[in-house]
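Enquirer: Sequence:
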Amino acid sequence: AATSTSLFCFIVSMSEGAERNLTLHHFHKKVSIFQCEEQAVFTDAPMPPIPSIVIGPFNSKMGKWGSWINGDVFVRAWNSLISQGVWARHGYTVKVDADTVFMPQRLPRFLGDFNVTKPVTIWGVYGP
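What the sequence shown shows, in the numbering used here, is residues 1 to 128, in sequence order.
One or more hints might be untrue.
[What the hints assert, rightly or not] In silico DSBU-like pairs for lysine-lysine, Cα to Cα no more than 35 angstroms straight-line:
id, residue 1, residue 2
1, 61, 29
2, 29, 95
3, 95, 61
4, 30, 95
5, 95, 64
6, 30, 61
Since the hints were derived computationally from the structure, they do not count as laboratory data.
Whenever a hint applies, use it, and build me the whole structure from the sequences.
Expert: Listed below in structure tokens is the structure:
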């Protein structure tokens with residue numbers, strides 16, 4: 001059964017380049033998502049030594065507005081996450097970018113007033 005403040009956290013990371021390097025750094029330092037009760041790394045290819053879930057290629061194109069057209073990659077990650085059901089053991093599911101400074105120990109204090117019996121989406125939580 002889910003506890004109200006437990007966190008399942010995940011990253012969608014390319015297996016090469018800057019995202020990989022940041023995710024490996026977080027893994028070795030046991031910071032960011034690796035401080036959550038459970039975590040997952042969704043990627044396009046295995047990322048040893050990190051246990052990762054391969055969801056297929058990230059063949060995204062750059063949009064003319066300057067960011068990636070990668071919605072399909074995140075849909076695959078969410079579909080994999082939902083089918084595995086691990087999220088159901090936790091009060092919250094948190095998607096984190098590899099280049100985000102994320103301190104999971106601070107999040108439950110902020111989320112304390114939310115009713116976890118109903119879905120809640122919070123975008124861009126900032127501040128102390």
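Enquirer: Now tell me, hint by hint, if it's right for this structure.
Expert: Going through the hints against the structure:
no. : hint       : result
1   : 61 with 29 : holds, 32 angstroms
2   : 29 with 95 : holds, 19 angstroms
3   : 95 with 61 : holds, 22 angstroms
4   : 30 with 95 : holds, 17 angstroms
5   : 95 with 64 : holds, 25 angstroms
6   : 30 with 61 : holds, 32 angstroms
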